[in-house]
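Asker: Spelled out from the first residue to the last, the chains are:
There are 4 protein chains.
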Amino acid sequence: MINRKIRMGMIGGGQGAFIGAVHRIAAQIDSQIELVCGAFSSDAERAIASGKELYLPESKCYPDFNTMMAEEAKLPEGEHMDFVAIVTPNHVHFPAAKAALEAGFHVLSDKPATLDKNEAIELAKIVKATGLKYGLTHNYTGYPMVKQAKEMIQNGEIGKVRKIVVEYPQGWLATPLEQTGQKQAAWRTDPKRSGAAGCIGDIGTHAENLAEYMTGLQIDELAADLTRFVDGRLLDDDGNILLRFEGGAKGILHASQISVGEENSLNIRVYGETGGFEWHQMEPNTLLVHKLDQPTQIFRTGNGYLGEAATAHSRIPAGHPEGYLEAFANIYRNFAADIAADLSGEAAPAYAKDYPTIEDGVRGMAFIEAVVKSSENNAAWTKL
Amino acid sequence: MINRKIRMGMIGGGQGAFIGAVHRIAAQIDSQIELVCGAFSSDAERAIASGKELYLPESKCYPDFNTMMAEEAKLPEGEHMDFVAIVTPNHVHFPAAKAALEAGFHVLSDKPATLDKNEAIELAKIVKATGLKYGLTHNYTGYPMVKQAKEMIQNGEIGKVRKIVVEYPQGWLATPLEQTGQKQAAWRTDPKRSGAAGCIGDIGTHAENLAEYMTGLQIDELAADLTRFVDGRLLDDDGNILLRFEGGAKGILHASQISVGEENSLNIRVYGETGGFEWHQMEPNTLLVHKLDQPTQIFRTGNGYLGEAATAHSRIPAGHPEGYLEAFANIYRNFAADIAADLSGEAAPAYAKDYPTIEDGVRGMAFIEAVVKSSENNAAWTKL
Amino acid sequence: MINRKIRMGMIGGGQGAFIGAVHRIAAQIDSQIELVCGAFSSDAERAIASGKELYLPESKCYPDFNTMMAEEAKLPEGEHMDFVAIVTPNHVHFPAAKAALEAGFHVLSDKPATLDKNEAIELAKIVKATGLKYGLTHNYTGYPMVKQAKEMIQNGEIGKVRKIVVEYPQGWLATPLEQTGQKQAAWRTDPKRSGAAGCIGDIGTHAENLAEYMTGLQIDELAADLTRFVDGRLLDDDGNILLRFEGGAKGILHASQISVGEENSLNIRVYGETGGFEWHQMEPNTLLVHKLDQPTQIFRTGNGYLGEAATAHSRIPAGHPEGYLEAFANIYRNFAADIAADLSGEAAPAYAKDYPTIEDGVRGMAFIEAVVKSSENNAAWTKL
Amino acid sequence: MINRKIRMGMIGGGQGAFIGAVHRIAAQIDSQIELVCGAFSSDAERAIASGKELYLPESKCYPDFNTMMAEEAKLPEGEHMDFVAIVTPNHVHFPAAKAALEAGFHVLSDKPATLDKNEAIELAKIVKATGLKYGLTHNYTGYPMVKQAKEMIQNGEIGKVRKIVVEYPQGWLATPLEQTGQKQAAWRTDPKRSGAAGCIGDIGTHAENLAEYMTGLQIDELAADLTRFVDGRLLDDDGNILLRFEGGAKGILHASQISVGEENSLNIRVYGETGGFEWHQMEPNTLLVHKLDQPTQIFRTGNGYLGEAATAHSRIPAGHPEGYLEAFANIYRNFAADIAADLSGEAAPAYAKDYPTIEDGVRGMAFIEAVVKSSENNAAWTKL
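Chains as they are written, first to last, in our numbering: chain X, 6 to 389; chain E, 6 to 389; chain B, 6 to 389; chain D, 6 to 389.
Pulled out of the complex, with its shape left as it was, chain X reads as follows (with noise of 0.2 Å):
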């Protein structure tokens, strides 16, 4: 064991971002992560009136991004920053996490990778050329319950998977909000900050991420069929996908922003030969356990009867509900185990492994590619 916390930068995230607030909790819940710097906007001046707000030191805070690799890397170790989170629009992603890539330090960026798939497939060249840590926040495969199911399947309890149904509805755009100046709303209906697809590419990528983790099966082709539901919206809004798993599995996926009542109902169900399961991320300490011919199964995380990768990610007993946030938590507590490890020598405990890498990323923007071609050719059949 290092007897330090890992020394985390951050770029974005300043004053007003949702998510820059969202990383630092979940980097520093377990405490083991402290955030030691940042460039947290594109806005020098808030760049820096952020930081103070956090408590760091000014001479901490950078005006960008390139000035704090160019900072940081003439510190020792111990001293810089061992890995930048990036929190930005995903147009930054990309010439963020390389300039962190190339001047040395590890990178946990949010998703996606990249804007394009041609960035991730780039992108994950540089990985593999400097040898340093690539993590994703596909924060929703950090719930404990995901895990559980995932090591049910890998354990044979279900049988062969045959189907699976991954949902993603949301209800927040269905209105024209990008029209009324709200930040979240603008940034993700737009082409330029956003990517090829709107809907899509912010939660679709998710669904499809918590489907291939949990079940351990790649989508080979989709035929999807995207709209844009909102008159004057710029990317979809909503998209309803056919899925067909390499090995005969068989599925859906639909996403959606325009589902009036649907907070974030992230949820799927995945049925095998002899069981099956079903989760909702609204009410992540929940998973249904269905096998042939028996009654239906409540596991509850925090129970004794739960495998080791549930045990390993959740920090209370049962009945005690963890969150999105804990979830997220985890994401940065085995991607800073994994940096611990590394500098202690010591082998890393089986959790620090288990995070999404660049090979999610890429997998992620060649979803999005393959959706708005299919979509483009009229829910053509498009393989990944």
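I should point out that these hints are in silico values taken from the structure, not numbers from a laboratory.
Any given hint might turn out to be false.
Since the list gives no way to pick out one identical chain from another, each pair is judged satisfied if it fits inside one copy or across any two copies.
Result set (SDA-like, lysine to any residue): computed pairs, CA atoms no more than 20 Å apart in a straight line [what the hints assert, rightly or not]:
1) K296 x L182
2) K296 x S270
3) K296 x G312
4) K57 x E39
Since the structure of chain X is provided, determine the placement of chains E, B and D on it from the hints.
Answerer: Quick look at chains E, B and D alone, frame taken from chain X:
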């Protein structure tokens, strides 16, 4: 008001049949209909034994439906049956309905209306020519909360409908049950008795009917991916379908009989511009009602805030759950009220016209045909 | 098997009554019972009009129950009624049951059995003396999942019972509804027609009966705190009760009619040494089953893993919800089977003895008396 | 705003402790507090080892809390700790709090405040005399939806409160776990370390605090029936209590640690003249809101329709579940804001005064004492 119950004859539904008993309960629960005769089995001996168990005199237990038509037609009004309930496997629906209509009797048939679309079109002609009533037990639209949602959509309470997600997962055919001699599984997986589709014909049509009934929108085209997961099965046991409705709404319909752990989980979500609904058949007394920027409301049967349609289709106060049999009975009750109004010459109540007709039957067969065709063409878009 | 339906006469349940219609549906849903006569109202004219609406000949619509007894007693077996269903307000239960039994007819009575405990004891003597059958429609114990829990407790599957929490909150009397002329509210809040207790007599007794039926344990003593929350109300509209059962189990029973937002939310939780149960009347097809250190299981009606009792009391496959009327009907079905077995001289099925009797009726009245006495003594412990 | 985090010392919470880790997460999740020192164990060696695991310098890992007080008091403001978090077993709460206050440090203590009521009264005097801040982690009142209900009650949205049902069932002590050496079970069932009550002291007080906090009403008197179900146990493991509140509201409180299958199922229902609430700790982001004659509404955290209090106590948008740790953190966040306002001389935000104080602590001890006394007197009514 006529001073007697409406008289029902039954075709099929003898010993060992499941759905026949359901129809008899549904018909008699409100004491507006009495069973007066039947041709309960294609086996004459069993037909008579079945009738005796139902306390019918042997003279009213006919050996086959043609005999029943002939004998009943000889009796005067008020002594002969008023209508025939057809509760046989699918391939008998058409000949039985045809015989009854041509003998002058109204028909209430289990679904699907016929074995294929051509038969359905032919049957529609016969119904029109005879001027008799024809009802179809798409029983799930008999639930009060389905009618509540329909009424609210008609009243514009959720704005223009944008998205419909309708599901019908079951798990009872996850294994090759039909190879064990189980009667229900055997005929449902046999193309000669069930028709061109398995899962889609048996339950997918209920989902289609529910979606169109509730929203008042018709499916314009669809893209379907059917699968036979169980080795040796002759018909689809799972189907995933993209929907495009007239007027621009999009949708998803999936049905399955291999979804282990699912019982009979028909459910629907509808999203409009300003609101939405969620309803589950297995907890049918609850309707979730979404409105933009407001808390979701839990509408429950039997309450004073419900509209006319829901109120007219429940029997007991709030908190006293009604179920499948009562919803099924609503179709019988309405059909009987329609006949009674004709017999008495009095005005019928509004609900007397609220039951599925041969038009729904034709539409259901068109749906099955389009789904099968689309799937054979690798999920190509196919018009209904 | 006798070759006819069991013949029922009805006392009460004329136009405008709620519970009479429920009893008629419950009696006839399984086609084992037919309504043959009635004294439907204390108003002779309305009694006849009510009977005609039910398609009875005028000669079978008696002006009062004494006339009905006298006339029916003149008819031979197979033509007279076999039993009487009593569905009047509480104060008529005793005289009607007495008259029927003394005239030689079996009785199935709505609960409570009588207006007070003395009447109940008197009635028990009459039942014993006549040797006739007496059933009581504590209908909530007719639900299949209640029987499943009872059977599992009997089989020792949760060990010795330690704690029972049974609740029956309603909200419909949160305002002085009886002062508006609402009929159901008026007699239930009138001591002359309802008895010494309001809420506790009307619904508290259902909770008591459910707890004792499911666990097989009897309440030994109780401490009750009754309240009249609504100004001007003559009887309790809320009660909180501590329970001590024979053998050491402890419990809580609370019932309320002023719990705004609650419909008819009877529910029970039972905890034993090694397991437990949770059941809710409003979603009655589900039984949660707890076992030490294991995931909670969701038992559902209609599944093969259920025991004999649950199976014998449901009609349709898993996933097809049954409700209040079917549970109510189970009492009628069982009572009719008991009569039919006697008439035919054949062995009755096990379920034919599974209905509440006059012993349950006496116990219910003892419960009411003890609750009222305890509350008058500032919640002093009071033996039943 | 002061330009630094608030500095926390910790007493207890060394290796192997559960609640210490919870407090550290809760304190640091919002990055407003930093852990600067601790006396983590009564074993000096373990105290130091525990501190090092938390990345504290050895000089800040004190061997006992008296040393910590003495040493920290020597440091100037901004370098010494600002407050002490006490996370020991119950019997240490009082001496530790006393020592800290007398040394000039604010105190945030785990509950119950002390081992008995006399200690609590004594402590209240010390708090008053020193003028320092004292907070108590009745963490369940930190949930946003609890605050939403409180605010709506204060605003008169459900009228005068009539009935309160508050429950806290657990099942983890259904067997004699304390006899296996399990540390959490051992001290909680030991009167010397836990106090006069077991289940009621450990969790019953949370229920009491929740009911009084949410409704703003105080319990006037109670009648309690405590039980020790597990052989050899020294303290109650189950309690059923009738409540009478000031102003006429009635209630039930029951808590249990032998309710097999229950995890940590604290829940509350409140009914007023015109509305009501239902809230469950295990799904804490949902609040059911009842209004007379209207559909029940599902209020959910993070939505714009919520009031100020709920909004001020959640961190992330609707649909992103927050849980136990975030609710716990709300108390720390508020307590730290209260200290920070004093330090800076600026006005505190409204939420800075929203945490449980020594008055709640005294009240909790009075509750325990009254419950134990009532139970010893066979559930006689006992004033708080």
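Asker: Give a verdict on every hint.
Answerer: Evaluated hints:
{"no.": "1", "hint": "K296 x L182", "in the structure": "between (44 Å within a copy, 16 Å between copies)"}
{"no.": "2", "hint": "K296 x S270", "in the structure": "between (25 Å within a copy, 16 Å between copies)"}
{"no.": "3", "hint": "K296 x G312", "in the structure": "both (17 Å within a copy, 19 Å between copies)"}
{"no.": "4", "hint": "K57 x E39", "in the structure": "both (15 Å within a copy, 16 Å between copies)"}
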